[in-house]
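Enquirer: What follows is each chain in one-letter form.
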Amino acid sequence: MANFFLDNKDLQFQLDHPLMKKIVALKERNFADKDKYDYAPVDYEDAIDSYKKVLEIVGEICGDTIAVNADGVDKEGPRVVDDHVVYASGTAENHRMLTEAGVYGISLPRKWGGLNFPVVPYVMSCELVSRADAGFGNIWGLQDCAETLHEFASDEINDEYMPQVCAGKTCAMDLTEPDAGSDLQAVMLKATWNEEKKTWLLNGVKRFITNGDGDISLVLARTEEGTTDARGLSLFVYDRKHMAVKVRRIEHKMGIIGSPTCELVFTDAPARLVGDTKMGLIRYVMALMNSARLGIGAQSTGISEAAYREALKYAQERRQFGKPIIEFAPVYEMLTNMQAKTLASRAMLYETSRFVDVYKAYYHISKERKLEKEERDEMKEFNKLADAYTPLLKLFSSEYCNQVTYDAIQIHGGSGYMKDYPVERLARDARITNIYEGTSQLQVVAAIKGVTTGVYLAQMNKYEAMTYNSDLDPLHATLKAMKAEYEATVKLVEERAADNSEYLDFHARRLVEMAGHIILGYLLLYEASERECGCVDYRTAANVYIKAGAAKNTAHRAYIESSTPEDIAMFRID
Amino acid sequence: MKQLKIVVLAKQVPDTRNVGKDAMKEDGTVNRAALPAIFNPEDLNALEQALSLKERYGATVTVLTMGPSRAADVIREAMYRGADGGVLLTDRKFAGSDTLATSYALSCAIRKMGADIIVAGRQAIDGDTAQVGPQVAEKLGLPQVTYTEEIESLEGDKLTIRRHIEGGIERVTTTFPVVITVGSSAPVCRPRNAKCVMRYKYARTTSEIQASDEDYYPALREARNYLNIPEWGVADVDAEDASLGLSGSPTKVKQIENIVFQAKEAKKLTSSDEDINGLIKELITAHAIG
Numbered sequence: 001m002a003n004f005f006l007d008n009k010d011l012q013f014q015l016d017h018p019l020m021k022k023i024v025a026l027k028e029r030n031f032a033d034k035d036k037y038d039y040a041p042v043d044y045e046d047a048i049d050s051y052k053k054v055l056e057i058v059g060e061i062c063g064d065t066i067a068v069n070a071d072g073v074d075k076e077g078p079r080v081v082d083d084h085v086v087y088a089s090g091t092a093e094n095h096r097m098l099t100e101a102g103v104y105g106i107s108l109p110r111k112w113g114g115l116n117f118p119v120v121p122y123v124m125s126c127e128l129v130s131r132a133d134a135g136f137g138n139i140w141g142l143q144d145c146a147e148t149l150h151e152f153a154s155d156e157i158n159d160e161y162m163p164q165v166c167a168g169k170t171c172a173m174d175l176t177e178p179d180a181g182s183d184l185q186a187v188m189l190k191a192t193w194n195e196e197k198k199t200w201l202l203n204g205v206k207r208f209i210t211n212g213d214g215d216i217s218l219v220l221a222r223t224e225e226g227t228t229d230a231r232g233l234s235l236f237v238y239d240r241k242h243m244a245v246k247v248r249r250i251e252h253k254m255g256i257i258g259s260p261t262c263e264l265v266f267t268d269a270p271a272r273l274v275g276d277t278k279m280g281l282i283r284y285v286m287a288l289m290n291s292a293r294l295g296i297g298a299q300s301t302g303i304s305e306a307a308y309r310e311a312l313k314y315a316q317e318r319r320q321f322g323k324p325i326i327e328f329a330p331v332y333e334m335l336t337n338m339q340a341k342t343l344a345s346r347a348m349l350y351e352t353s354r355f356v357d358v359y360k361a362y363y364h365i366s367k368e369r370k371l372e373k374e375e376r377d378e379m380k381e382f383n384k385l386a387d388a389y390t391p392l393l394k395l396f397s398s399e400y401c402n403q404v405t406y407d408a409i410q411i412h413g414g415s416g417y418m419k420d421y422p423v424e425r426l427a428r429d430a431r432i433t434n435i436y437e438g439t440s441q442l443q444v445v446a447a448i449k450g451v452t453t454g455v456y457l458a459q460m461n462k463y464e465a466m467t468y469n470s471d472l473d474p475l476h477a478t479l480k481a482m483k484a485e486y487e488a489t490v491k492l493v494e495e496r497a498a499d500n501s502e503y504l505d506f507h508a509r510r511l512v513e514m515a516g517h518i519i520l521g522y523l524l525l526y527e528a529s530e531r532e533c534g535c536v537d538y539r540t541a542a543n544v545y546i547k548a549g550a551a552k553n554t555a556h557r558a559y560i561e562s563s564t565p566e567d568i569a570m571f572r573i574d
Numbered sequence: 001m002k003q004l005k006i007v008v009l010a011k012q013v014p015d016t017r018n019v020g021k022d023a024m025k026e027d028g029t030v031n032r033a034a035l036p037a038i039f040n041p042e043d044l045n046a047l048e049q050a051l052s053l054k055e056r057y058g059a060t061v062t063v064l065t066m067g068p069s070r071a072a073d074v075i076r077e078a079m080y081r082g083a084d085g086g087v088l089l090t091d092r093k094f095a096g097s098d099t100l101a102t103s104y105a106l107s108c109a110i111r112k113m114g115a116d117i118i119v120a121g122r123q124a125i126d127g128d129t130a131q132v133g134p135q136v137a138e139k140l141g142l143p144q145v146t147y148t149e150e151i152e153s154l155e156g157d158k159l160t161i162r163r164h165i166e167g168g169i170e171r172v173t174t175t176f177p178v179v180i181t182v183g184s185s186a187p188v189c190r191p192r193n194a195k196c197v198m199r200y201k202y203a204r205t206t207s208e209i210q211a212s213d214e215d216y217y218p219a220l221r222e223a224r225n226y227l228n229i230p231e232w233g234v235a236d237v238d239a240e241d242a243s244l245g246l247s248g249s250p251t252k253v254k255q256i257e258n259i260v261f262q263a264k265e266a267k268k269l270t271s272s273d274e275d276i277n278g279l280i281k282e283l284i285t286a287h288a289i290g
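Sequences listed follow chains A and B, in order.
Under our numbering, think of the first position of the first sequence as 1, with each following residue one higher.
Under our numbering, think of the first position of the second sequence as 1, with each following residue one higher.
Because the hints were derived from the structure by calculation, they are not lab data.
It is possible that part of the hints are untrue.
Within a straight-line C-alpha distance of at most 30 Å, the following computed DSSO-like cross-link-like pairs (lysine-lysine) qualify [to be verified]:
1) Lys419(A) x Lys449(A)
2) Lys198(A) x Lys253(A)
3) Lys22(A) x Lys5(B)
4) Lys36(A) x Lys201(B)
5) Lys21(A) x Lys54(B)
6) Lys22(A) x Lys52(A)
7) Lys313(A) x Lys21(B)
8) Lys36(A) x Lys5(B)
9) Lys462(A) x Lys384(A)
10) Lys190(A) x Lys241(A)
11) Lys111(A) x Lys201(B)
12) Lys53(A) x Lys54(B)
13) Lys169(A) x Lys54(B)
14) Lys75(A) x Lys52(A)
15) Lys9(A) x Lys54(B)
Here are some of the chain B residues that sit facing chain A, going by a computed Cβ distance under 10 Å [unchecked claim]:
16) Tyr57
17) Tyr147
18) Asn193
19) Ala194
20) Lys195
21) Lys201
22) Tyr202
23) Ile289
C-beta atoms are modelled at their ideal positions from N, C-alpha and C, and glycine is treated no differently.
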């Protein structure tokens, strides 16, 4: 009798953000569907009400089914039978329930059977599912593949596959190979056009493929013989009904065990080209990766939420030295920091989702009609913001969920190290979040552009110009000082890096983290100013987060100041 | 073949499974205000059987519930899970009905609705009588299949039903119209469906609309008749006043006692003849049996 949506006021607040009005209007094309579909919203309030009601369904399935199954799924795991994947029984039940609830295809257009929800409520569903079972979150979140098809594939392909996704067919994105992990340009799986069969045929091996035996797979393959870089790669859609891909093995992983990670062998597997050849990695996979990173942001936030709740409950119940351990300073300090990190992750998650929503809605409208100039400008602006925020979100939320689950075990003490409490599983599940879909180190490579191009600084200025409740002035002053310190530090690094570009790489993470502490701090400041609720103390969270952020930024600045370009040599291992 | 008509009997009940300190009043009656009102659990099992038939063979599924205005929640809940609509049987004259008067009222309504298959939960968790389903069947002069686990198939005019009996499972066939009661060992009800929720979320009874000022979309209600949940009173179902409410209810609750279970020493027995013989002897000695 648990509902992961209704019990989470912070999540519900995100649907009331002022930008939602614009998002709903764009997504619903001013409610054009209302006479065509009797479940389409007639106005803004109706749309938001529908999002809430549907998320309530997802929240209930998460609380009553998926979370209950999580431990069994973790122990049972998926297996390979006759070259194909059989899900753990709990996974199969989770999938069946969500299918019956008609929530797959949540963001896809109604003409294909979808619910046409914006990215924000879709991402909320990802967070809810991940809080219940992070491994299952992957199977749910791979709907992103359909979103990519929707963006780039032909009508013919979409007419065939979109209704299937809405009916609960699962997806996979087949990118990684034994020699192509972070460096996807090295993908070797071969696609050749067969004139006789009038189809592309795929041959080769993929590795570490999440839900690799899914019904619909997007496959990155090399179409241009003799090439070795990104320009020779194209994207294909493969249908499981052809039975031309074998699952050689499922990896034995540390966490997210319910999510089958497969090694796949393609043998003359017929597949259809998505969009144009040679654009596979350069354009389509980049878009896919961005949605996937947003998904990991949701997964990380969901795990943090679960771990924080488990730790809070335990600390309230567990008594030592004659009182509940939550009354001891080292314990309550950990808990309050865990909550601040969780709230900060969520604030960043939905800020990013809103940016994605606006630009994606414009993108789809642009396929129906020519955009006006200001619409085009707005699309570009929000696209830029989404691209800058996505790596920052992925970096922060995944690192935080590792920290939060680490502390959750710590609060449980010896019991947390045992398999008797869910925090042990949560910590194992968390460990992948800052590795896959681009490691934290790669997120920094993407995010440093936000530092050097000034996108982050412009956002800080925008946030600074907003009006906040006056009793938050001291906190706002801290953020302003942090911004000045950040600007000075960026300038210093750029000066020193002028003759030594490695100097910028060396300090990139520190600069990105400094920017992140300020941006996430502002998002929490906004929430503290706007929201009133008995269950979440936004003021405390903002206070705790901003003060800790200020201290960390000062430490980063101090380290950078004392670090000369020559120092880097000390770290190099030849 | 014409469309199959299924009527599901459902009841809104106080959630007696989550009983707190204030669940009973001083006088020993149920304190309904302190308990959340829910869809009677076994009626959800019954609804699932109806929806499953609809899915497999095509049918209209209509929910019939008797209760006060707020019992319309039960009808909406059923619609969210796939029912096509419902009827709220509501009238002051129904108040105080025992199982006999209730089944009389329901049977009058069913006669008016017309039904090929009537499905009901085995019993409601507030009274636990398991009488209403069978009594409805008697009043309508229909065959009844109780303790159903699953309606397996429909072929021609024959339903094959698996029912739970003591010590096993029985498979029976029946023609319809028929009354079927479903127990908690039957499959659980499917979840709410997103599109159904969005389609039916503004479904209201007339009294609900009158009682609140939240009717945002009167135009929708006009265009989509399924958003109007019919309310039937005594006159609508041609029932006789004398058979309804307190006057139609021979059952009188004389006294309700609070029972406090006292923990007693437990004894573990194996299934060996020796243990069983020992137990029987002990029971005979204690005059518990024999």
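Enquirer: Just to be careful, I want the Cα atoms of Lys53(A) and Lys54(B) compared with a cutoff of 30 Å; is the pair within it?
Expert: holds, 25 Å
Enquirer: Sort out whether Lys253(A) lies within 30 Å of Lys198(A), counting only the CA atoms.
Expert: violated, 39 Å
Enquirer: Given Lys201(B) as an interface hint, is its Cβ closer than 10 Å to any Cβ of chain A?
Expert: With Cβ-Cβ at 6 Å, under 10 Å, it holds.
Enquirer: Quick check on Tyr57(B) please, does its C-beta sit within 10 Å of some C-beta on chain A?
Expert: Hint violated; Tyr57(B) Cβ to chain A Cβ min 18 Å, cut 10 Å.
Enquirer: When you check the alpha-carbon spacing of Lys462(A) and Lys384(A), does it fall within 30 Å?
Expert: Between Lys462(A) and Lys384(A) the Cα gap is close to 15 Å, so the pair holds against 30 Å.
Enquirer: Is Lys313(A) close enough to Lys21(B), meaning Cα to Cα at most 30 Å?
Expert: holds, 23 Å
Enquirer: Hint check: Lys419(A) vs Lys449(A), CA-CA at most 30 Å. Holds or violated?
Expert: At roughly 42 Å apart (the allowed maximum being 30 Å), Lys449(A) and Lys419(A) break the hint.
Enquirer: Is the hint on Ala194(B) kept, meaning its closest Cβ partner in chain A is under 10 Å away?
Expert: holds, 4 Å
Enquirer: Does Lys52(A) lie within 30 Å of Lys75(A) when you go C-alpha to C-alpha?
Expert: Given pair Lys75(A), Lys52(A) is violated - Cα atoms ~33 Å apart, limit 30 Å.
Enquirer: Starting from Lys21(A), check that the Cα of Lys54(B) is at most 30 Å away, please.
Expert: Roughly 39 Å separates the two Cα atoms, so the pair is violated.
Enquirer: Verify the proposed pairing of Lys22(A) with Lys5(B), using a straight-line Cα cut of 30 Å.
Expert: Cα-Cα ~45 Å, so violated.
Enquirer: With a cut-off of 30 Å on the C-alpha distance, tell me whether Lys36(A) and Lys5(B) pass.
Expert: Roughly 28 Å separates the two Cα atoms, so the pair holds.
The structure is inconsistent with the numbered hints 1, 2, 3, 5, 14, 15, 16, 17, 23, although it conforms to all the rest.
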